[in-house]
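Each chain, written out:
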Amino acid sequence: MNDTQTLRLTKIDWRWLVVTYCFLVLFHLLPSLLASSLQQFFLSNGTWRFILWAGGGIALVSAYVGRRSTGITILEPGIAAMLYMATLIPTASNIHDINATGSRLIGLLVALHLIAFLVGCFGAAAGEWLQVRNEKEHLHTENS
Amino acid sequence: MSQRTDSPEFAPGFIWQIMLLTVAVLCFAVYSRSHEDSKGNMGVASPTSIFPWMIGGKQTIENGLRAFSGKPPEPPPIDDRARALGPLLISMVLCPTVFFLEWRRRRLAKASFFQRTPLRMSGGLYGLCGMVTVLVAVAVGPIAYIGENARANMRHAQAIQSNRDALINELNLLALDAAQYYILPKQLGSGGRSFVGYSVPEKNAKTEEASYTVTGTRNVVVFRAVSTRYPSCAVQVKVDSLGHMREWIYEGEFR
Chain A
1 MNDTQTLRLT KIDWRWLVVT YCFLVLFHLL PSLLASSLQQ FFLSNGTWRF ILWAGGGIAL
61 VSAYVGRRST GITILEPGIA AMLYMATLIP TASNIHDINA TGSRLIGLLV ALHLIAFLVG
121 CFGAAAGEWL QVRNEKEHLH TENS
Chain B
1 MSQRTDSPEF APGFIWQIML LTVAVLCFAV YSRSHEDSKG NMGVASPTSI FPWMIGGKQT
61 IENGLRAFSG KPPEPPPIDD RARALGPLLI SMVLCPTVFF LEWRRRRLAK ASFFQRTPLR
121 MSGGLYGLCG MVTVLVAVAV GPIAYIGENA RANMRHAQAI QSNRDALINE LNLLALDAAQ
181 YYILPKQLGS GGRSFVGYSV PEKNAKTEEA SYTVTGTRNV VVFRAVSTRY PSCAVQVKVD
241 SLGHMREWIY EGEFR
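Here the protein sequences line up with chains A and B, keeping their order. If you read the first sequence in the numbering used here, its first letter stands for residue 1, the second for the next number, and so on. If you read the second sequence in the numbering used here, its first letter stands for residue 1, the second for the next number, and so on.
Incorrect hints may appear among the rest.
[Stated by the list, open to error] Some chain B residues near chain A, calculated using beta-carbon distances under 8 Å:
(1) I18
(2) T22
(3) L128
(4) V132
[To be verified] Quick list of simulated restraints, FRET-style, between CB atoms:
(5) A:H140 to B:P12: 31 to 39 Å
(6) A:W48 to B:S69: 33 to 41 Å
(7) A:A86 to B:W103: 30 to 38 Å
(8) A:G56 to B:G13: 30 to 38 Å
(9) A:W48 to B:R81: 34 to 42 Å
(10) B:A11 to A:G56: 26 to 34 Å
(11) B:I90 to A:W48: 30 to 38 Å
(12) A:A86 to B:L89: 27 to 35 Å
(13) A:S103 to B:G70: 45 to 53 Å
(14) A:A111 to B:A157: 44 to 52 Å
(15) B:I78 to A:E135: 54 to 62 Å
(16) B:W103 to A:S144: 25 to 33 Å
(17) A:S103 to B:R155: 50 to 58 Å
Hints are computed from structural coordinates only; laboratory data are not their basis. Ideal Cβ placement from N, Cα and C applies to all residues, glycine included.
Please construct the entire structure, taking both the sequences and the accompanying hints into account.
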């Protein structure tokens, strides 16, 4: 990876950041709120189900964004996922019912945000990989 | 990985439109979160859901609680009706219509879901409606099956309970008859302080609900009722010289 590519990786496209956050709210939070039985299932039974539910949604949306964007879009979904987690915890989770206070609660919150960031980045990277694969296939088809 | 190009990725105004929609959804999320704390008349919170049976379930619970408190059931309030009708129209009429029309348009235009056209609000709505349509379609089947299964189980349990109650009622009458036989003198065709010679009256030996048999000694008789509707179910009871019924034994699904 040369310096130009490194610069591109660290340069954040705010439009994709905003769009990823909006996609997460629209395509993950809204359906979960509407299907309240799903919400009951995932949010009322501890941290693991919540992480699976949130992580799965973040990974899928980030992968779509990585696949759909024209350039390298990895950090944007990661940051958007972190912001989304910050939205999700007060609006849709029952995390405050968990028996954790003080530093343990702060640790849990930090861990959740970190997990969201990582899942977002990995999802976007998977999307980018799909994008490259499809472009190669397309080029191959055109050449043949 | 591909390089960034200057090709427009977003249609004009797309970001503002999607941001407005997101703000609306967040307001809805905050509203539904705060609404969870506000309870109905009998302490049951009204769910906000695209599944109208959630609201139906809430109404059933409220009616049950009212009946338990000795109050008559009330018709659902207008806001609950609106809360059921609105999502019903959105999830089962509006969203599938938008989704299938857009899907058809894309099929005719031979456009792919991943195609590199600028992102438009119509695409976002297409995705959203598609998600709601799929969610409802996936949920309806298992929920209908589980609901029907639960109703069938409940009906069966109620039928068993009714049959058991009927058997107990008829056994009470037979116990009275046996006690009468025990008390009355032999001159009147009865036992004269004995159950010896007692048999179930012919008209009561087989009823719509069960068939009855009796065995016994001088001072105790044992009635056994085998259900006609559910032959694996039976009730057995001892009747002593005072006419007291004791040592009830339930068999099969009566247990």
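For the hint on V132 (chain B), just tell me whether its beta-carbon gets within less than 8 Å of chain A.
-> holds, 7 Å
Taking the CB of S103 (chain A) and the CB of G70 (chain B), does the distance hold inside 45 to 53 Å?
-> Given a distance of about 52 Å, which is inside 45 to 53 Å, the answer is holds.
Lying within 44 to 52 Å: is that true of the beta-carbon distance A111 (chain A) to A157 (chain B)?
-> holds, 46 Å
Should the hint that A86 (chain A) and W103 (chain B) are 30 to 38 Å apart at their CB atoms be regarded as holding?
-> holds, 35 Å
Are A86 (chain A) and L89 (chain B) spaced within 27 to 35 Å by their CB atoms?
-> The hinted range 27 to 35 Å holds for A86 (chain A) and L89 (chain B), with Cβ atoms some 34 Å apart.
Could one say that the CB atoms of I90 (chain B) and W48 (chain A) fall in the range 30 to 38 Å?
-> Hint holds: Cβ distance 32 Å, inside 30 to 38 Å.
Hint check for G13 (chain B) and G56 (chain A) - Cβ pair distance inside 30 to 38 Å = For G56 (chain A) and G13 (chain B) the Cβ distance comes to about 31 Å; the hint holds.
Given T22 (chain B) was flagged as interface, is its beta-carbon under 8 Å from a beta-carbon of chain A?
-> holds, 4 Å
Under the criterion of a CB-CB separation shorter than 8 Å, is I18 (chain B) in contact with chain A as hinted?
-> Result: holds, 5 Å to nearest chain A Cβ.
If you check the beta carbons of W48 (chain A) and S69 (chain B), does the distance land in 33 to 41 Å?
-> Hint holds: Cβ distance 39 Å, inside 33 to 41 Å.
Regarding W48 (chain A) and R81 (chain B), is the given constraint of 34 to 42 Å on their beta-carbon distance met?
-> Once the Cβ atoms are compared, 38 Å apart, the range 34 to 42 Å for R81 (chain B) and W48 (chain A) holds.
Would you check whether L128 (chain B) satisfies its interface hint, that is, whether its CB is within less than 8 Å of any CB in chain A?
-> Status holds, d = 6 Å.
In the structure shown, no violation is registered for any of the earlier numbered hints.
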